[in-house]
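Position 31 (the sequence shown) corresponds to 31 in the numbering used here; numbering is contiguous.
Be careful, since some hints might not be right.
Quick list of simulated restraints, FRET-style, between CB atoms [what the hints assert, rightly or not]: (1) Ser51 - Ser254: 35 to 41 Å; (2) Leu178 - Ala61: 29 to 35 Å; (3) Glu28 - Leu123: 32 to 38 Å; (4) Leu178 - Asp31: 19 to 25 Å.
Result set (EDC-like, lysine to aspartate or glutamate): computed pairs, CA atoms no more than 16 Å apart in a straight line [to be verified]: (5) Lys35 - Glu144; (6) Lys35 - Glu103; (7) Lys84 - Glu144.
FYI, nobody ran anything at the bench for these hints, they're computed from the structure. Note that the structure is a prediction, hence the values are computed from the model and not measured. The beta-carbon is built from N, C-alpha and C at its ideal position, and this holds for glycine as well.
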Amino acid sequence: MIQQTATAMPDVDLDADVPHRLSSPFTEWADYFEKNLERHARLDATIPWQSTTPLSAFDAAAIARSLQRFELGERGEGTSLRAKARLLDDPVYDTTLGLFVAEEQKHSALFGRALERFGVHPLGAHWSDAAFVRLRRLLGLRTEIMLFLIAETVALEYFFALERSDDPVIRGVARRVLTDEVEHIRFQVAQLQLFFAGATTGTRMLAAAASWIVAVGAATVIALDHGPALRIGGIGPVRFWGKGLRHFRRALRSALAP
Numbered sequence: 001m002i003q004q005t006a007t008a009m010p011d012v013d014l015d016a017d018v019p020h021r022l023s024s025p026f027t028e029w030a031d032y033f034e035k036n037l038e039r040h041a042r043l044d045a046t047i048p049w050q051s052t053t054p055l056s057a058f059d060a061a062a063i064a065r066s067l068q069r070f071e072l073g074e075r076g077e078g079t080s081l082r083a084k085a086r087l088l089d090d091p092v093y094d095t096t097l098g099l100f101v102a103e104e105q106k107h108s109a110l111f112g113r114a115l116e117r118f119g120v121h122p123l124g125a126h127w128s129d130a131a132f133v134r135l136r137r138l139l140g141l142r143t144e145i146m147l148f149l150i151a152e153t154v155a156l157e158y159f160f161a162l163e164r165s166d167d168p169v170i171r172g173v174a175r176r177v178l179t180d181e182v183e184h185i186r187f188q189v190a191q192l193q194l195f196f197a198g199a200t201t202g203t204r205m206l207a208a209a210a211s212w213i214v215a216v217g218a219a220t221v222i223a224l225d226h227g228p229a230l231r232i233g234g235i236g237p238v239r240f241w242g243k244g245l246r247h248f249r250r251a252l253r254s255a256l257a258p
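Use the sequences and the hints to build the structure in full.
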């Protein structure tokens, strides 16, 4: 079973890049992620892990099945992402991505602990995660960041739904993840604004069209695959689909604004 301490911080030297910080556009983001370490400890301590679930067996199983997919998706080490980013030769950016990936892994650990509370094992693999990972690894850094933006914006409404759960642990985990995801979306937007600086209108339009295709597919998969968990949180699949894509549309407009 996944334990609370299973996710270790990646080897990131927070001081080695000091000479570069003044010139890197990611300095503020590196500072933000570093300061999050203490905040996370405080937030994690508020989750009432020892409480018993008030959910019915059916509802608990539905949420557990849903969390299994998200636990798997957040578990990655970001190896491909960071390898591409190192080509930019910006140590601060590399540090920032390492801290970002560590936060995603913390989410996986939280989901894993919630699964353990339900007596459910994490998944070893799932087709949706495998497809998403393969797509990310085949493409360049800019496209991989766009895929992160799609995943995080579309899933935002899912965590709002979990936050309305009757289970205090599920509510606490969802609230904890939401505090990160909102800022993660801003981080993806900031990266894309930088990476699309100077891009032609045609390039931006092509990127928007391609990303919309993926976003619609991602929203559809979540709506269909996680429908029971969404309903427990008070939102049907169709309404989730629309709201998820509206979150994406707002973020995409900001990311691709000339």
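Hint check results:
no.	hint	verdict
1	Ser51 - Ser254: 35 to 41 Å	holds, 39 Å
2	Leu178 - Ala61: 29 to 35 Å	violated, 23 Å
3	Glu28 - Leu123: 32 to 38 Å	holds, 36 Å
4	Leu178 - Asp31: 19 to 25 Å	holds, 21 Å
5	Lys35 - Glu144	violated, 25 Å
6	Lys35 - Glu103	holds, 12 Å
7	Lys84 - Glu144	holds, 9 Å
Figure legend: structure checked against the earlier numbered hints; hints not met, in rising order: 2 and 5.
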